[in-house]
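Enquirer: Okay, here's what each chain looks like letter by letter:
2 protein chains.
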Amino acid sequence: MRFLARVYVTLKPTVNDPQGITVLSALKNLGFDSPESVRVGKYLEVGLEAASQDEASLQVDAMCKTLLANTVIEQYRFDLEEAGA
Amino acid sequence: MRFLARVYVTLKPTVNDPQGITVLSALKNLGFDSPESVRVGKYLEVGLEAASQDEASLQVDAMCKTLLANTVIEQYRFDLEEAGA
Chain G
138 MRFLARVYVT LKPTVNDPQG ITVLSALKNL GFDSPESVRV GKYLEVGLEA
188 ASQDEASLQV DAMCKTLLAN TVIEQYRFDL EEAGA
Chain L
138 MRFLARVYVT LKPTVNDPQG ITVLSALKNL GFDSPESVRV GKYLEVGLEA
188 ASQDEASLQV DAMCKTLLAN TVIEQYRFDL EEAGA
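Respectively, the protein sequence lines represent chains G and L. Per our numbering, the first sequence starts with residue 138, numbered consecutively. Per our numbering, the second sequence starts with residue 138, numbered consecutively.
For the record, the hints were derived by calculation from the structure and aren't laboratory data. Misleading hints may appear alongside valid ones.
Since the list gives no way to pick out one identical chain from another, each pair is judged satisfied if it fits inside one copy or across any two copies.
[What the hints assert, rightly or not] Distance condition first, Cα-Cα at most 20 Å in a straight line; then the derived SDA-like pairs of lysine to any residue:
1) LYS165 <-> ASN207
2) LYS165 <-> MET138
3) LYS202 <-> ARG214
4) LYS179 <-> THR159
5) LYS202 <-> SER174
6) LYS179 <-> LEU161
Please read these numbers as outputs of a predicted model, since none were measured by experiment.
Modelling step: build the complete structure from the supplied sequences, incorporating the hints.
Expert: Structure representation (structure tokens):
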């Protein structure tokens with residue numbers, strides 16, 4: 138079966154996010170008064186082939202741990218969806 | 138009211154994604170056989186202050202158009218959630 142995994146990788150809340158601070162300051166400079174905080178993360182769409190939803194979930198979790206997220210400073214979450222045949 | 142906007146910025150489907158191709162090839166090299174495609178995008182969490190959900194939505198849309206996404210090659214979507222006081 139074919140699955141689509143949507144993976145969200147974000148810095149842990151305690152980790153400083155210079156990219157987010159820069160984006161926030163750029164928004165302020167552009168005249169946006171409303172934003173108070175910005176955190177920047179990664180978003181990945183992984184299409185994969187697996188026998189079952191459980192197996193796909195195990196696979197994606199292993200991919201996150203080994204490559205997609207640096208678990209020292211980042212946290213990740215993902216959702217899985219069965220993709221059209 | 139305080140809102141949290143979760144913004145997803147992805148390359149348009151027709152745009153080549155070298156970063157995604159690299160991640161896919163790295164996954165294969167690490168022994169993952171299941172992934173067939175990888176697309177890499179950005180994920181931003183923007184905390185903002187707005188009078189209503191509609192106003193927050195307008196603000197975030199304007200931020201995406203002016204700064205967060207390059208609408209020539211990228212598409213974006215976001216969801217809004219009322220954040221705790």
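Enquirer: State for each hint whether it applies.
Expert: Hints, one by one, checked against the model:
1. Taking the closest pair of Cα atoms, LYS165 and ASN207 come within 20 Å of each other only across two copies (18 Å); inside a single copy the shortest separation is 30 Å, beyond that limit.
2. Taking CA atoms no more than 20 Å apart as the test, LYS165 paired with MET138 passes between copies only; the shortest distance there is 19 Å, against 46 Å inside one copy.
3. Taking the shortest Cα distances, LYS202 and ARG214 sit within 20 Å of each other inside one copy (11 Å), while across copies they are farther apart (27 Å).
4. For the homomeric pair LYS179 and THR159, the shortest alpha-carbon distances inside one copy (16 Å) and between copies (15 Å) are both at most 20 Å.
5. With identical chains, the CA atoms of LYS202 and SER174 are at most 20 Å apart between copies only, with a shortest distance of 18 Å across copies and 27 Å within one.
6. Both within a single protomer and between protomers do LYS179 and LEU161 lie at most 20 Å apart by alpha-carbon distance, with minima of 17 Å and 15 Å respectively.
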